[in-house]
Amino acid sequence: MSIPVFAVVGRPNKGKSSIVATLARDDSVVIEARAGSTWEAREFPMRVDGKTLYTLVDTPGIQRARAVLEWLRAHADDAASRPRVVREFVAAHQTDARFHDECALLQPIVDGAGIIYVVDGSVPFGADYEAEMEILRWTGRPSLAVINPIDNEDYVAEWQAGLGQYFQTVRLFNAQRAEASKQLELLALFGHLDEQWRASLDRAVRVLRAEREREHREVATLITEWIAAAVDFQLSQRVPDGLPVKPVEELLFARYQHELQSRERRCRRQIEEVYHYHRLQRNEQDIDLEASELFNVEQWYLWGLDRRALALVAASAGALLGGSAGLVFDGATAGLTGGLGTLLSGAFGAASGGVAALRYADEIAQLKVQGIPSGGKLVSYGPSCNPNFPFVLLGRALLHQQRLCSRTHADRSDLQLDTALLAQVSDTDRRQLARWFSALRQPRGAPAAREALTAWMVARTALG
Amino acid sequence: MAKTSPHISDLYHLANQLKQDQDLPLEQLRQRDRDIGLACSAGGSAWQRLHCWLGAVDPDAIHRPAWARSASSLLLLNLLALLGGFGAMAGVLLGSVNALVNVLFWLLLFVGLQWLLMAGSVLVLIQLLRGRVPRASPIDPARWVLHRRWPDVRTLREAQPLLQLLFLRHGQVLGALFAGGAALAFIVLPAVDHYGFVWGSTYQLSDGFMHSLVETLAWPWESFLPGATVAPEVVSSSRYHAGVQVLEARRLEDMSGWWEFLLLVLLVYSLFPRMLLWGVSRWLYRRQLAASLLDYPGVERVLARMQVPLVSTSGAAAELEPVSGNRAFQVPSSETPLTLWPRALLVEVAAAFGENPLASFEELADGQPGLRAQLAGADLATDRQVLVDLPRDDIDRLYLAVKGWEPPVAELADLLEPLFDVPHCSLLLVPLPGRPLPQHKIEDWRAFARALPFQGVDVQALKPVRP
Numbered sequence: 001m002s003i004p005v006f007a008v009v010g011r012p013n014k015g016k017s018s019i020v021a022t023l024a025r026d027d028s029v030v031i032e033a034r035a036g037s038t039w040e041a042r043e044f045p046m047r048v049d050g051k052t053l054y055t056l057v058d059t060p061g062i063q064r065a066r067a068v069l070e071w072l073r074a075h076a077d078d079a080a081s082r083p084r085v086v087r088e089f090v091a092a093h094q095t096d097a098r099f100h101d102e103c104a105l106l107q108p109i110v111d112g113a114g115i116i117y118v119v120d121g122s123v124p125f126g127a128d129y130e131a132e133m134e135i136l137r138w139t140g141r142p143s144l145a146v147i148n149p150i151d152n153e154d155y156v157a158e159w160q161a162g163l164g165q166y167f168q169t170v171r172l173f174n175a176q177r178a179e180a181s182k183q184l185e186l187l188a189l190f191g192h193l194d195e196q197w198r199a200s201l202d203r204a205v206r207v208l209r210a211e212r213e214r215e216h217r218e219v220a221t222l223i224t225e226w227i228a229a230a231v232d233f234q235l236s237q238r239v240p241d242g243l244p245v246k247p248v249e250e251l252l253f254a255r256y257q258h259e260l261q262s263r264e265r266r267c268r269r270q271i272e273e274v275y276h277y278h279r280l281q282r283n284e285q286d287i288d289l290e291a292s293e294l295f296n297v298e299q300w301y302l303w304g305l306d307r308r309a310l311a312l313v314a315a316s317a318g319a320l321l322g323g324s325a326g327l328v329f330d331g332a333t334a335g336l337t338g339g340l341g342t343l344l345s346g347a348f349g350a351a352s353g354g355v356a357a358l359r360y361a362d363e364i365a366q367l368k369v370q371g372i373p374s375g376g377k378l379v380s381y382g383p384s385c386n387p388n389f390p391f392v393l394l395g396r397a398l399l400h401q402q403r404l405c406s407r408t409h410a411d412r413s414d415l416q417l418d419t420a421l422l423a424q425v426s427d428t429d430r431r432q433l434a435r436w437f438s439a440l441r442q443p444r445g446a447p448a449a450r451e452a453l454t455a456w457m458v459a460r461t462a463l464g
Numbered sequence: 001m002a003k004t005s006p007h008i009s010d011l012y013h014l015a016n017q018l019k020q021d022q023d024l025p026l027e028q029l030r031q032r033d034r035d036i037g038l039a040c041s042a043g044g045s046a047w048q049r050l051h052c053w054l055g056a057v058d059p060d061a062i063h064r065p066a067w068a069r070s071a072s073s074l075l076l077l078n079l080l081a082l083l084g085g086f087g088a089m090a091g092v093l094l095g096s097v098n099a100l101v102n103v104l105f106w107l108l109l110f111v112g113l114q115w116l117l118m119a120g121s122v123l124v125l126i127q128l129l130r131g132r133v134p135r136a137s138p139i140d141p142a143r144w145v146l147h148r149r150w151p152d153v154r155t156l157r158e159a160q161p162l163l164q165l166l167f168l169r170h171g172q173v174l175g176a177l178f179a180g181g182a183a184l185a186f187i188v189l190p191a192v193d194h195y196g197f198v199w200g201s202t203y204q205l206s207d208g209f210m211h212s213l214v215e216t217l218a219w220p221w222e223s224f225l226p227g228a229t230v231a232p233e234v235v236s237s238s239r240y241h242a243g244v245q246v247l248e249a250r251r252l253e254d255m256s257g258w259w260e261f262l263l264l265v266l267l268v269y270s271l272f273p274r275m276l277l278w279g280v281s282r283w284l285y286r287r288q289l290a291a292s293l294l295d296y297p298g299v300e301r302v303l304a305r306m307q308v309p310l311v312s313t314s315g316a317a318a319e320l321e322p323v324s325g326n327r328a329f330q331v332p333s334s335e336t337p338l339t340l341w342p343r344a345l346l347v348e349v350a351a352a353f354g355e356n357p358l359a360s361f362e363e364l365a366d367g368q369p370g371l372r373a374q375l376a377g378a379d380l381a382t383d384r385q386v387l388v389d390l391p392r393d394d395i396d397r398l399y400l401a402v403k404g405w406e407p408p409v410a411e412l413a414d415l416l417e418p419l420f421d422v423p424h425c426s427l428l429l430v431p432l433p434g435r436p437l438p439q440h441k442i443e444d445w446r447a448f449a450r451a452l453p454f455q456g457v458d459v460q461a462l463k464p465v466r467p
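Going down the list, the protein sequences come from chains A and B.
Residue numbering for the first sequence is 1 to 464, as defined by the working numbering.
Residue numbering for the second sequence is 1 to 467, as defined by the working numbering.
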């Protein structure tokens, strides 16, 4: 059985490369607002363990449609000879620079590819398109038309009427914004062009769907590991006797900041790679651990929790902890205290948790100076005990992931990472997150907390 | 085939490898891990797959002697335990007054105390099995061994149950060696000297009680080793009174009749339980170690990469460099302001104006060109004929009205060839109703215009007349 091949054809600058980039999840495809960015056909095989399930071919835009059609008409005897005449045209003009683009786009079609004809739904249909559609009809290959509304959908209806006369199947597909499910729907539709291709395309869709779920899981794991590593991160430096400690403290803090910045960048790079992005321009601020930058109200609102939410979350965690202690006391007195211990210790835990959260909100970690028995001092910074810090990291990471998930590989705009996200998380989820973050700081509870946090993120991504 | 049972050194190899992998491109990791996954047996457990992966990515590490680093500390500790057991037994035997060893003291030291320590170990084991991790004793000698062998304990941060089991395992080995040393001394010293075993009357114990105690202790072997039990008369005659200064020879012989019994007590109640606990803790340790390896951050992704088919959708060809502008158009720009000329020809391409009258555009509102023609309305031959039929001598200026929202195509340049001797050509870009032309579209047309071999060309984006 032959491997399905689909040639994506159309006029220049109609979004052919965008569609290919989106379906092939390849941001190396050259996409420009200017016309004529593609001048050679380029194959994008979909492989599973080296076995090709289908191939997309990005082609140059048609430049001389009426000239080609004129040649074809001059050489065709009857309707049955049309596919042969198209082959003859390609063979006769392989070395003709004038018809280079036409030969490049027709070659895969005469070799057996299905046709994906792309038009721009934001500009009107015109009779001047008919020549190229006629050529495609002459090839005799199965085809479908895709309306790609590059700027808007003002002329989609017009196009649907016009294309309907040449193509049995016409689909609307926004290459810049199509979500994953729409992409898979379009791929599945390709399989319907030829009965022989259906099995391959159905399998490809299944594989890609599973791959998408695996990617979400992998990204959630990466984010969890990054947060766990960041809250546990600690730096130490020995200072010999007689040397001042202050410069070492400043150096240590700078190193701490630099290391976390590098790690966050690395985590983001890995996440982008998971989603097959290799050339993203990122528009964001670096994570800045300077108290004056990170712990101002605006930053909290942006990435982590504001003071009110932070106090609530910390109070909730404190109440739980205090209540547990009170429960033990009540249990030990066989309930003679009537639950008073649980009530009081819970209230005390809540109050102290909330106050502590606000009291230490502007300290990302504590600086410790300890004496060394053999002489000198050990200066250490971290690990972070700030309750908001993991929320800030999570907020930033989730926003980054959400932006990646909602864009396509045809989108060449900068990645904007400057809006609030954790504000959308419910109070219940925030409290749960606070408990997991607390557990992440404990060696014994870390594996279970990591798993729970990962599962939460996967579920959240699945919900969209 | 390398060993498949996990070793704590694997955690370190794993941590190092995962750290190195962080800097590698994901595509490379996917390819590598999938290849390893396919090469490893598909039916193995998660640990076996991970072990196979470790062996594949770092073959040297997996074959590296596990105890190479500071194994001497463990050896020293084990030797000390053996010597301690030997020394303790020798001390008890050699320090006994008149070579008479108090059986009860002996049992308390070499069985009772051991059982107390073993009870602690069993408690820890039960807690670990129930999922709780008790704190390790700060004076546990295994802690010293661990810190000497694995100085960077951060890799083991989350492996607290594992560390507990490691301490426990080493503890049982030390206990077993202590018991083994004691048993060795108990064999060697009585062989070179005569020792009697007695029990005192300090606590008013009856002969019957002692006999019952002996019978109970000897129950496991009395059926097949009757010689290793103590007869009631021997128990009675071994009763010791501090006031008795001279012992009969027969009683002395009876007193030495405890040796076989005590040796077996030592082996069965001290050494054997230690060995048993060692076996259990070793098994649990391996199981926990495998779990710790599989729980290590990053391992889940490695196993997934090994298992999941390698899916690739991207283009195989090298990256294509984007072109700057249209590659066919290289003539420099020479824009001139649009002014309608009486000897002008307006060519409307592909019905660019649509149903809009010319006067609806600011630039065309004040006048009409002398000649008009339409192109790209029918086939090429018709267009060519239209151009041939034009009164060429009456044309000094060409106005080419095109759909500004469409990209230029080479076919239009081909078609204009008969008009290239017209001195000047102005491209009029017609916009879509209600929508200004994007700058990149204008740039496309400018590039197209620059490539046309007219003496002068310019490009104007038409503006609709404001109502």
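A few of these clues could be false.
Unchecked claim - Here are the computed distance ranges between Cβ atoms for each label pair:
| # | chain 1 | residue 1 | chain 2 | residue 2 | range |
| --- | --- | --- | --- | --- | --- |
| 1 | A | Gly242 | B | Gly87 | 27 to 33 Å |
| 2 | B | Lys463 | A | Arg265 | 29 to 35 Å |
| 3 | A | Thr428 | B | Leu80 | 24 to 30 Å |
To be verified - Not close to chain B: a few residues of chain A, all C-beta gaps over 10 Å, as computed:
| # | residue |
| --- | --- |
| 4 | Val48 |
| 5 | Cys385 |
| 6 | Gln424 |
It should be emphasised that the hints constitute simulated quantities derived from the structure, not laboratory data.
Don't be surprised by glycine CBs; every beta carbon is placed ideally from N, CA and C.
Right, here's what the structure says about each hint:
{"no.": "1", "hint": "Gly242/A with Gly87/B: 27 to 33 Å", "in the structure": "violated (48 Å)"}
{"no.": "2", "hint": "Lys463/B with Arg265/A: 29 to 35 Å", "in the structure": "violated (47 Å)"}
{"no.": "3", "hint": "Thr428/A with Leu80/B: 24 to 30 Å", "in the structure": "violated (56 Å)"}
{"no.": "4", "hint": "Val48", "in the structure": "violated (5 Å)"}
{"no.": "5", "hint": "Cys385", "in the structure": "holds (16 Å)"}
{"no.": "6", "hint": "Gln424", "in the structure": "holds (27 Å)"}
Going down the numbered hints, you'll see the structure goes against 1, 2, 3 and 4, while the others check out.
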